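Going line by line, the protein sequences match chains F and E.
All residue numbers for the first sequence refer to the numbering used here, where the first residue is 7 and numbers rise by one.
All residue numbers for the second sequence refer to the numbering used here, where the first residue is 7 and numbers rise by one.
Hints are computed from structural coordinates only; laboratory data are not their basis.
From a predicted model like this one, the values you see are computed outputs, not experimental measurements.
Every residue gets a Cβ at the ideal spot worked out from N, C-alpha and C, and that includes glycine.
Watch out, some of these pointers could steer you wrong.
[Claimed, not checked] Now the stretches of chain E that chain F is said to cover, found in silico as 3 or more residues with beta-carbon under 8 Å: (1) 39 to 53; (2) 61 to 68; (3) 145 to 157; (4) 253 to 259.
Number of protein chains: 2
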Amino acid sequence: MFGKISIIGCGLIGSSILRATQEKKLATKISVFDKSNKVTEYLRKNFTVDICSNVHETTKDADLIIISAPLSSYKEILLTIKSTLKEGSILTDTGSAKKEVNKIINNLNLKNVNWIASHPIAGTEYSGPEAGFASLFKNRWCIISADKKVAEDKIKSLENFWSKLGSKTKLMTFEDHDYVLSLTSHLPHAVAYSIVRTAINKEDKFKDDVIQYSAGGLRDFTRIAASDPLMWKDIFIDNSENILKVLDNYSKNLNEIKDAIKNKDSKKLLAIFSSTKKVRKEIIEAGQDTDKPGFGRK
Amino acid sequence: MFGKISIIGCGLIGSSILRATQEKKLATKISVFDKSNKVTEYLRKNFTVDICSNVHETTKDADLIIISAPLSSYKEILLTIKSTLKEGSILTDTGSAKKEVNKIINNLNLKNVNWIASHPIAGTEYSGPEAGFASLFKNRWCIISADKKVAEDKIKSLENFWSKLGSKTKLMTFEDHDYVLSLTSHLPHAVAYSIVRTAINKEDKFKDDVIQYSAGGLRDFTRIAASDPLMWKDIFIDNSENILKVLDNYSKNLNEIKDAIKNKDSKKLLAIFSSTKKVRKEIIEAGQDTDKPGFGRK
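Using the sequences plus the hints, can you model the full thing?
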């Protein structure tokens with residue numbers, strides 16, 4: 007249980023944290039800020055918490071500060087709140103890339119503030135505060151990263167917070183986080199954006215047919231490619247090094263399939279497709295999906 | 007309502023047709039054949055229909071013959087059954103590529119048999135007769151293709167059959183079918199196979215982490231990449247011309263994203279990601295998916 011919790015940025019993730027924190031009574035005071043007037047108006051209408059019109063106020067005396075704003079806004083936010091941060095408080099975030107943010111924060115030389123990054127692997131293809139819900143983090147992983155100098159009890163305290171929101175937590179270095187996520191999330195998004203752009207082309211006379219018969223695989227990609235564009239362009243820029251590396255490996259694998267198709271190499275294609283079939287079982291065993299037949303079904 | 011219906015190949019699709027045809031009482035007699043002993047044994051244990059030990063018997067006197075076997079087996083099946091096909095009967099299939107099959111059938115010069123291709127866009131990531139179920143085709147599209155010389159009433163009769171299984175039907179030329187499906191289904195599968203091979207690499211020390219945190223996008227691809235390898239290698243070979251063309255366009259789109267990442271071009275990335283967001287709305291409006299937030303959720 008924290009004294010004051012401050013949430014900076016109240017979209018899908020921030021508003022879900024707000025809802026869950028209220029519901030579970032995890033703070034004596036909750037203070038929120040969002041730079042959008044529209045979001046602030048929504049918050050005023052729907053929540054009874056402290057809604058601030060500037061970011062200083064929100065963070066003043068806060069014991070836990072959560073930045074759930076786009077990665078590209080961190081620097082400005084941090085420069086603004088730097089001087090008002092309470093000694094011994096915990097500063098965290100919810101971003102999908104960590105290494106660059108960590109550099110920024112280390113360069114700011116925050117005194118006596120415990121920077122511990124969080125990445126709740128939770129979300130939907132929708133954005134904005136109206137899309138949030140209290141159970142968003144339930145049974146989801148939250149990856150936590152911190153420098154070695156951060157005190158154990160502060161990390162425990164943040165892990166405890168996420169556990170109370172329903173998440174399972176896992177400690178990982180900033181670098182490992184960015185590499186693993188480049189494979190599990192950033193690569194799939196790059197691919198989904200490309201595939202939707204390829205398949206659905208305004209100038210193609212079959213555009214409507216492609217949409218009509220998209221249940222054969224394509225529609226699952228359109229969901230991923232509908233994710234928040236602003237958030238994703240930040241992730242791609244922040245984690246560019248890993249993403250470019252995995253995209254190169256990906257292109258090699260795709261070219262292998264292309265060559266096998268060109269050569270009508272049945273044996274090779276069968277070997278490729280058989281190798282990926284096994285992976286599905288491991289995903290299900292890891293509890294990351296159900297074994298219910300779902301492909302192409304509503 | 008048909009007299010005798012013959013089903014050749016009784017995996018996920020064939021056994022689902024069998025189940026639905028029985029349930030809806032769409033034939034006076036149903037006869038099935040599968041070249042696998044294991045499948046035949048399963049059928050004998052679970053169905054009371056006529057289960058044949060050779061493909062001739064199955065098709066003899068049949069009014070509707072449905073081939074639901076891998077594309078690469080069509081030629082052998084057709085050569086074997088050619089002489090026993092009943093005059094005026096309808097020969098159809100359930101394959102995902104049409105142009106090459108159509109060539110084979112035209113070359114065989116089947117006399118007085120009405121060849122009308124079917125492609126039910128229905129399936130799961132599972133295969134085999136135990137994975138089938140009677141409602142597999144409910145509310146799903148079935149694309150039907152036929153030469154101009156085929157009589158209207160025969161086409162109507164087949165459309166009616168699929169409607170009774172719960173499907174919506176759509177007439178399309180063989181060529182258009184193969185192009186549209188290369189975009190909606192074949193490209194997504196090629197991409198899914200490549201992404202799973204890239205992300206989940208046995209030699210990567212983070213392999214287990216990648217599986218553990220796969221809910222951020224990757225796991226949706228593992229479902230697609232778990233589809234039947236044998237079926238898919240046949241599709242890729244049969245529809246190679248279209249698939250190679252769309253894969254080239256796809257690589258161009260992916261390279262555009264790669265270049266934007268390399269150049270840290272925020273504006274370009276934002277434009278790309280915003281363009282794909284709109285598509286999702288059209289997919290939902292076309293009834294191809296629900297608007298329920300589902301990404302990354304169980």
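- Quick one: which hint numbers does this structure break? Sort them smallest to largest. Violated hints: 1 and 2; rest satisfied.
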